[in-house]
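The whole structure should be built from the sequences, with the hints applied where relevant.
Number of protein chains: 2
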Amino acid sequence: MKRTALLLVAVAAVAGLVAFTAPAPGPADQQAAPVFGIKIYPRYRDWRLVSVAHEEGNLNDIRAILGNDIAIKAYRAGKLPFPDGTVIARLAWSYVPSEENNKAFGRNQSFVPGPRPDWYLQFMVKDSKKYAATGGWGFAQFDKDGKPAGEAQHKTCFPCHEPAKASDFVFTRYAP
Amino acid sequence: MKRTALLLVAVAAVAGLVAFTAPAPGPADQQAAPVFGIKIYPRYRDWRLVSVAHEEGNLNDIRAILGNDIAIKAYRAGKLPFPDGTVIARLAWSYVPSEENNKAFGRNQSFVPGPRPDWYLQFMVKDSKKYAATGGWGFAQFDKDGKPAGEAQHKTCFPCHEPAKASDFVFTRYAP
Numbered sequence: 009m010k011r012t013a014l015l016l017v018a019v020a021a022v023a024g025l026v027a028f029t030a031p032a033p034g035p036a037d038q039q040a041a042p043v044f045g046i047k048i049y050p051r052y053r054d055w056r057l058v059s060v061a062h063e064e065g066n067l068n069d070i071r072a073i074l075g076n077d078i079a080i081k082a083y084r085a086g087k088l089p090f091p092d093g094t095v096i097a098r099l100a101w102s103y104v105p106s107e108e109n110n111k112a113f114g115r116n117q118s119f120v121p122g123p124r125p126d127w128y129l130q131f132m133v134k135d136s137k138k139y140a141a142t143g144g145w146g147f148a149q150f151d152k153d154g155k156p157a158g159e160a161q162h163k164t165c166f167p168c169h170e171p172a173k174a175s176d177f178v179f180t181r182y183a184p
Numbered sequence: 009m010k011r012t013a014l015l016l017v018a019v020a021a022v023a024g025l026v027a028f029t030a031p032a033p034g035p036a037d038q039q040a041a042p043v044f045g046i047k048i049y050p051r052y053r054d055w056r057l058v059s060v061a062h063e064e065g066n067l068n069d070i071r072a073i074l075g076n077d078i079a080i081k082a083y084r085a086g087k088l089p090f091p092d093g094t095v096i097a098r099l100a101w102s103y104v105p106s107e108e109n110n111k112a113f114g115r116n117q118s119f120v121p122g123p124r125p126d127w128y129l130q131f132m133v134k135d136s137k138k139y140a141a142t143g144g145w146g147f148a149q150f151d152k153d154g155k156p157a158g159e160a161q162h163k164t165c166f167p168c169h170e171p172a173k174a175s176d177f178v179f180t181r182y183a184p
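If you're matching them up, the sequences are chains A and B in order.
Each residue of the first sequence is one higher than the one before, starting from 9 at the first, in the working numbering.
Each residue of the second sequence is one higher than the one before, starting from 9 at the first, in the working numbering.
No lab work stands behind these hints, which were simulated from the structure alone.
Keep in mind that this is a model prediction, so the values were computed, not measured.
Certain hints may be false.
If several chains are the same, the list does not tell them apart, and a pair holds so long as it fits within one copy or across any two.
In silico lysine-lysine, DSSO-like type, Cα no more than 30 Å apart, as pairs [claimed, not checked]: (1) K111 - K163; (2) K81 - K47; (3) K152 - K81; (4) K163 - K173.
If you want it as C-alpha cells, here you go:
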C-alpha cells in the first residue's frame with residue numbers, strides 16, 4: 009500500500025511538472041509530423057516574439073511568430089542564413105472581433121484571437137544536413153489538438169517558401 | 009593614460025552590456041512617463057507572448073501584448089486580480105501589406121508590422137498601493153523613440169480601462 013501511494017505521488021509530481029513545462033498541446037507521446045519527422049517543441053509557447061501578422065482570405069487568422077533562443081539571436085544579429093538549431097514557431101488563431109474592446113473604443117475596430125484553426129501550429133527547423141533537399145529547413149504543421157497534418161500537405165511547405173530564398177526561405181521579418 | 013584606457017574599456021563593456029540587454033528603445037537615462045512615473049522596462053522585448061491584436065480605424069496597427077514572468081504566471085493560472093509586480097507591455101506597429109507574402113500566397117491577404125507609430129509602446133504596472141486610485145494599475149505610453157506621451161494623455165488611460173473592471177481592468181486575454 010505504501011509503495012502504491014509513493015508511486016501515485018511520483019506520478020502526480022511528474023504530471024504536475026509536465027503541465028507546468030508544456031502548455032497544451034503537446035503530450036510527451038506526441039506524434040511526429042510526416043516527411044520531416046518533427047514533433048511539437050514542448051516549450052514553444054514560452055519562446056520570444058519574432059513578429060505578428062494577419063492573413064485575410066481563406067485563412068482569416070491572426071498570428072504570432074515565435075523563435076527559440078538561436079532564432080532570436082540570429083534575427084537580432086540580422087545574419088543569414090539562420091544557423092542549425094534555429095526553430096521558428098508560427099501560432100495562428102481565428103480572427104474575431106472583440107465586442108468588449110469595441111465598446112471601450114466606441115467603434116468596431118478591434119480584432120483578437122479566437123479559437124484555434126486547423127492550421128494552429130507550424131514549425132520551421134533548421135538542420136542544413138538533415139534537410140539539405142529543402143533549403144536546410146524541416147517543416148511541420150499541427151492542428152488545434154496537436155495532431156500533425158498529412159504527408160501531402162507537408163510536401164507543399166518548401167515550394168511555398170522557395171520565393172523567400174533571399175531571406176533563407178523565411179518570410180517573417182523581426183518586428184523591432 | 010593607463011587609467012583612461014581602462015576607463016574606456018569599462019565604459020565600452022557597459023555600453024555593450026546595455027546594447028545586449030536592452031533592445032531599442034530605452035537608454036539607461038530614459039525619461040519616466042508623467043502621472044505614474046513609469047520608465048521603459050529594459051527587457052520588455054524578451055518577455056513572453058500574451059496575445060496579438062489588430063486595431064482598425066485611426067490606429068490601424070497590429071500589436072503584440074507581452075508579459076513579465078509574474079504576468080504570464082497569473083494569466084496561465086487564470087486568477088484575478090493580477091498580483092503586484094505584474095507588468096504587461098503592448099507593442100504596436102503600423103499595419104502594412106506584405107508584397108512578398110502576397111506573391112507567395114498568390115493574392116492580397118497578408119498584413120505585417122511596418123514602422124513604429126507614435127503609440128508604439130505601452131505598459132500596465134500592477135502596484136495595488138502605489139496606484140490604488142486607478143484600480144491598482146499604473147499606465148505609461150512611449151513613442152517610437154522611447155519618448156513618453158504627455159500628462160493629459162496619461163490621464164485618459166484609466167477611464168478607458170474602467171469598463172474592463174471584471175477582468176481587473178485588463179482587456180487582453182491570454183491566447184492559448
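Now for the hints, and whether the structure bears them out:
1. K111 - K163: Cα proximity of K111 and K163: across copies only (19 Å, versus 44 Å in one copy).
2. K81 - K47: Answer is both; intra-copy 23 Å and inter-copy 25 Å each pass.
3. K152 - K81: Answer is both; intra-copy 29 Å and inter-copy 22 Å each pass.
4. K163 - K173: Close inside one copy (17 Å), not across copies (48 Å); limit 30 Å.
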